[in-house]
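Asks: Spelled out from the first residue to the last, the chains are:
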Amino acid sequence: MANNVLSNGRIQQQPIISQRLTRNEKGKKVLEIPAIESKNWLLHRHYTRHEYKTCKILIDQELTKSNGHSEYANYLKGLILRREGKIQDSLNCFQAAYNINSTNVNNVKQIAKSFLIMGSHKHAVDIFLEAEKILLKTPDWEIYFNLGECYAKLNQLHEAKKYLRRSIELTKNELPYILLSRIYLLEDNVTEAQNAYTAALSENPESIEAATELGLLYLKIGDVQRAFQQFGTAIAHSPNCTKAMLPIAYIIQNHQEYDVALSKYKLAAQSIPESYILWNNIGMCFYSKQKYVAAISCLKRAHYLNSMAFLPAYNLGMVFLTTGQPASAAIYLCAAVSTDSKNPMPYLLLGLALKRLDDLEGAEKVLQKAHALSPQDPLILINYAIILEAQGKRNIAAEFLTALNDITAVIDVDSQITQTAKKLSMKIQLERTNKQGEEPRILNSDEV
Amino acid sequence: MELFKALNLFNQGKYEDCATICTNLLKKNPLDQTVWVLKMRALTLQIYVDDIEGEEEGIAESLLDNYTISSMPRPGTSLKNPGTSFTGQYLRPKTQSGRPLTGVVRPATQSAMSQSIEQTLKTPRTAMTARPITASSSRSVRLGTASMLTEPGGPFIQLSRLNISKYASQPCIAKPLFEYIYYHEHDVRYALDLAVQATQVCQYKDWWWKVQLGKCYYSLGLIRDAEQQFKSALKDSKTIEVILRLVRVYVRLDQPLTALETCKKGLEYFSNDVNILTEMGRIFDSLNNMSMSLKYYKIIAQEDASHTEAIASIGIHHFYNDQPELALRYYRRLLQMGVYNAELFNNLGLCCFYAQQYDHVISCFERAISLSTDETMADIWYNISHIALTVGDIIMAEECLKLAIVSDNRYALAYNNLGVIQIRNGNITAARTYFHAAANIANFLYEPHFNSAYLAYKVGDLQTSYIAVQKSLSTYPNHADSKTLLNKLERYFTYM
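So the protein sequences, as listed, match chains A and U. Going by full-length UniProt numbering, 221 is the number at position 221 of the first sequence; the sequence numbering is gapless. Going by full-length UniProt numbering, 154 is the number at position 154 of the second sequence; the sequence numbering is gapless.
Just so you know, the hints here were simulated from the structure itself, not pulled from any lab data. This one's a predicted model, so the numbers in the text were calculated from it and none came from an experiment. One should not assume that every hint holds.
Unchecked claim - Only some residues are given here: those of chain U computed to face chain A with a beta carbon under 10 Å:
#, residue
1, Thr464
2, Ile467
3, Gln470
4, Ser474
5, Tyr492
6, Phe493
7, Thr494
Glycine is no exception: its CB is placed at the ideal position from the N, C-alpha and C atoms.
Start from the sequences and build out the full structure, keeping to the hints where you can.
Replies: Structure follows, in structure tokens:
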């Protein structure tokens, strides 16, 4: 690969000498030596134009001519084979290239990369370290980045971070920044992750990946304003970016501007029509606009697309409960319970649905489970008390009401709950068997 | 007296009795042409079939014959490349041979239009067996041999001894003789011979002979000649049968737009004819133009309120359009009409479930299972597994999927879903095996390819992931998740 731009791939030949040498037998052999690399420029040009077929034919010609001793041809063949997904063959090609020229760091790098692609990260690490040794004086960010990646896959986060930091010193590329922040997130180190993302964005302001991931991070820590800003920049750079579109619509939806959110979802639906999250959110938009039929059909589509997801099932249950179809609600809530058995909310709603179906015993059991999962939740406490009272277990119900009173002293509880609690305790005190315990309206614990 | 009795029996449709009397008469007087023709008619009508819709493209036709005009047709102009108009691949599942589900199973919906030899050999032609139909003539050959067996004492007419040119000049014998040769003996070559000579005798003026010539050419695979004959017959006389046959020719030539044009011209003469409308509905259906297809099926349903295909097609359209309540109404109509089979109860069960009529679901599926044959059993268990999933009973879903595989061990979707359940249970290796099995059985499904790609990507086996995700995109080019995964992978696989 002695080519440079000026010579345009040609290798300088001395015509006079070659003419002289053609006379004897040895001279012909001498002539063939420059021929090994003389077509590298052509190969390179075909490769960069994505003309892989012609490139491959030329490479095969070159390899037969040079008896397999052309380094660049082997190298390019490896790259093309890798593109076709034949990693083992490409690895053989790179190894052939390495045998010809073991000082070229590119060959070593590609061998290591092949191992990385095949999933044998330990091998890859060894070979990358070897490549690093070759390039001690002029360090390469890619090697460090790939090392970091391998270590991350091997779950050696400390090493990974070390190499990624080194890589960051050398480059402005977004990749090491993003990987580093992901590792920080794995360790629950939010501030460091945030810093890494902002650094990546300051170097590459157009990086959509960094912007959206930072936005999601802000959303997770509750900084909606900045999250919105990040998603906004991502959309400004790429208007059809669904990764930013969905969360931005979600934020808008949470601000109760449902029509705007719906128009955003409509845009997103053109590129990701098979996303269940999208249809779930659209359904909840309609639910908030109190268009229940549309909401149900959207949520059903979401559930059809992913029948093992929690949110569509849970939301469907909730919508059916509001529209007065407790049997359907119970079925979907059962599904929600089975997908996420640690969440108390579907249990609570299932209890309400069963109560409306006049299955008080079942409701009690379900609420017992909900109470076990989250003993402090005022909503669960009040509903549990109501159901117990309806079953005639007034003493236990009274206990739960006192527990609820204790909690009201500590945290702010919705006024509806406290009022209902008061009514209920009055009722219990009066020992009336009036079953008119009004249920509080359940506030949506929203989606995404 | 005997002859009169035979004629009477013929008119009553008792063809077998008629034929026996004719045989006796012929024993007495072998040269009586009246009796001879009557016996011919009786034998023909015994096995007379409506062969317009009977053909199924066999392996030889779909693979070796190439009538198509362009090998790379523009999207929307060919049945092999319906292309962009098909949006709902994520909503409407495919049949076991890889075509999107249609309202009814009809000839040529079972076989996928295949692009490669490998796929042709792999896809089953019938709903169940993996054995491909070897040629379209196989059906006729079987019928022919069966009818031979019923005749003691050899065949009624020795075709090889027949003086064809003599009979061709007698029009009242030639026509029944042709039908006998074509339908009863299934000897298309002799039939063609007779038709050619007969049409010469009547100086190419009788449209009936042109149609018969076209039929012969069509079954011999000379599609272009058949087209000429049908067209010329249409000039002489407009009949629905000829229009339908011409449409079939264009479908075979993979020119759906011309076929539709022919249908429209036919509708000018036979306005609102159900048969032509059905043909149009089907063509739009296979072009994946669901809205147009629905429009024509709705017209059909207005014309003929008990048209099974139209009602079933409208029903399935509503079902996959998130309107299970409407679909339920159409399927109930089918039930009222007396359709009583496993498929219908299966569909009713699903509609009931998605329309929240839970009390009928179980009984519908119970009936479906009791009525089901081996072919439909797998489908029913697969659907029950979905209901189990929706109710949240994962274990039951798994059992149902296993039962589906027991009844049909090539049920790719069941393997795929089992894989998904295994992932949920945390058995990555088992899941991978299931996905690979599903992908190997059904190349045309994108789900198993994408699932195995995603799984491999998560594990770090980028090579497998890269190959699988490319397969997924080749079957469903607009799949957003596959695209994003491929984008992530390209970083590793391309290098400048």
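Asks: None of the hints should be skipped; say for each whether it holds.
Replies: Hint check results:
1. Thr464: 9 Å, holds
2. Ile467: Holds. Min distance 4 Å.
3. Gln470: 7 Å, holds
4. Ser474: The hint is violated - serine 474 of chain U has no Cβ within 10 Å of chain A, the shortest such distance being about 13 Å.
5. Tyr492: Nearest chain A Cβ about 5 Å off; hint holds.
6. Phe493: 6 Å, holds
7. Thr494: Interface hint status for threonine 494 of chain U: holds (6 Å vs cutoff 10 Å).
Of the hints listed earlier, the one the structure fails to meet is number 4.
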